[in-house]
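2 protein chains.
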Amino acid sequence: MHIALDAMGGDHGPEELIAGALLAAEQAHITISLVGDEVLLRSHLEKIAPAVNTASLIRIVHSSQVVEMNEHPVDAVRKKKDSSIMVAFDLVRKGEADAAVSAGNSGATMAAAVRVLGRLTGVARPGIASFFPTLKKPVVLMDVGANVDCKPLHLYQFAVMASCFSRIFDIEKPRIGLLTIGEEGGKGNILVKETYALLKKSSLNLIGNVEGRDVFQGNVDVIVCDGFVGNICLKVSEGLAEAAMQMLRNEILKSLPAKIGYLLARPAFKAFKKRVDYAEYGGAPLLGINGTGIICHGKSSAHAIKNAILEATKMVKNNVNNDILTSLAEDGNDTLMES
Amino acid sequence: MHIALDAMGGDHGPEELIAGALLAAEQAHITISLVGDEVLLRSHLEKIAPAVNTASLIRIVHSSQVVEMNEHPVDAVRKKKDSSIMVAFDLVRKGEADAAVSAGNSGATMAAAVRVLGRLTGVARPGIASFFPTLKKPVVLMDVGANVDCKPLHLYQFAVMASCFSRIFDIEKPRIGLLTIGEEGGKGNILVKETYALLKKSSLNLIGNVEGRDVFQGNVDVIVCDGFVGNICLKVSEGLAEAAMQMLRNEILKSLPAKIGYLLARPAFKAFKKRVDYAEYGGAPLLGINGTGIICHGKSSAHAIKNAILEATKMVKNNVNNDILTSLAEDGNDTLMES
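Sequence lines, in order, name chains A and B.
Just so we're aligned: the first sequence equals residues 1 to 339 in our numbering.
Just so we're aligned: the second sequence equals residues 340 to 678 in our numbering.
Hints are computed from structural coordinates only; laboratory data are not their basis.
Careful, some of the hints might be misleading.
[Said to hold, decoys possible] With a straight-line cut-off of 16 Å between C-alpha atoms, the simulated EDC-like cross-links for lysine to aspartate or glutamate are:
id : chain 1 : residue 1 : chain 2 : residue 2
1  : B       : K476      : B       : D616
2  : A       : K187      : B       : D414
3  : A       : K187      : B       : E410
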């Protein structure tokens, strides 16, 4: 197994990414290509792991350009052909790497994947899936931002792809929920109503509609929605969690007993934080591309990068893409694509 | 001032509602009509306030029917003409009450308001606004569920109506944010892009796009989105807050020091909870109807009901509907409606 890591992306710089790569390489005995400025990466690598003989596990692949976080995704990948993210996916295209992982510009990562690897046969719109913590197991929600204006066919395909992905966690028949604003089958906007009918006819394990408040209950394995709604869900959740922690902190800092109390309860807070931390769950898989790719949060720690790399190896081992092709064929996807 | 309260709606039964009415009547010296089963309400009222002479402030208006929480809103208000919610809005229509408040079936409350009072002239789609807590002042988000498939005109009108509403909190020129998934003006789905252009041309104080994570920052006074997205926002926030509290509680219960710590920090938790509690902010105003109506959460406490009633009186005193009519006329709403 060989994973290409965009070693120039992410808010914490190459050191954090390299540290994550080392953790993953050691834990899973896989080869990792760090893609980026060779001189820079080599100096970081020597600083972090001077004693370890990592030559067999860690390689460096040079690229001369970097896509910045604020660049326009499609323009950036068109212009910067030798950027670390483009070179990482090119390793996958050439068969030298099995998957690519990046914590850089998410839009550019998606654009690079589609540009370099192309779509999986029969997939109209590749998308991005993401984990949400719940009271039980994490749930996979798709799409979280790649496709803002969708048709029922797209949502049906998101359901197929996210189901195949969630099977890598040993879920045999993933339970699918359609995100909407009422519990009954007839409720929602036009897109959701038409999608409901399509999912109902398919071979997928549709549980029914789920509402916003059900997202964190863990009663389904996969939640399907368009990328506009999914991105709002993701950002509202992140924003609320951050704002709530800040409000709570402000209240605690107002009194000494509260401060002492907080210190005593700290391990519980830490365990809670771990439970809701995206880093524990790996990255957001790109689904529907002709290859394997994972987008990590810009803020990813070495631990998060490690988990994303391990997730990529799991996707490759489980042959998620093959699973997607088979599932689509089962439901007569060709006919759906034509209509 | 005279407010009609649907005394049969809500999860906690008439007692809680009557208690809320008493609090509001005493605080603001207003008359409140409790609408519902006369015998039942009188017995509750005598139990709760036997000594107080409330005759001048609290009236009972009999209605023989109740719309249940799980009933289909439109069907229910069509069939149950003598339901407490219909009778409450009928008091407003006849000019006997200035506003109606209900903690019952939200959809039925909206349907009853539109059916009995009709729309404000020039408003294409009445909607529901709701408060979200933020790090600064609460923000008003509209629409939170009345209109699932919207056109740019509808979103523009939501912006006008929510702005007029937010002025009752002494905000002179409410800052408006358009909810989308990218910060730049060009980002979002087709609806948002077209709405952005319309808002930009209007006399409204458009700050620009806001993302999901900005909802809780408090940098705008009003956030505009369609009712599908708004309802998902609302329910995801409620669901996350509940799930997070439950997860944190589970972690705290695992150890004795954490439990003691929690007890010490409890006042801080309570202050935090108060800050994010919907009850503190009153109910969700129905905007765009030819009259004044407020929907309360089913779980509303007496305190929440009191705040919703006070909010209704504030809306009436500030003549929000007149403000809406003037604002719409300013922007040439008639031309927009025709196009």
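Checked hints:
Between K476/B and D616/B the CA atoms are separated by roughly 13 Å; this keeps the pair inside 16 Å, and the hint holds. Of the supplied pair hints, the one linking K187/A and D414/B holds, its CA atoms being roughly 15 Å apart against a limit of 16 Å. About 14 Å separates the Cα atoms of K187/A and E410/B, which keeps this hinted pair within 16 Å; it holds.
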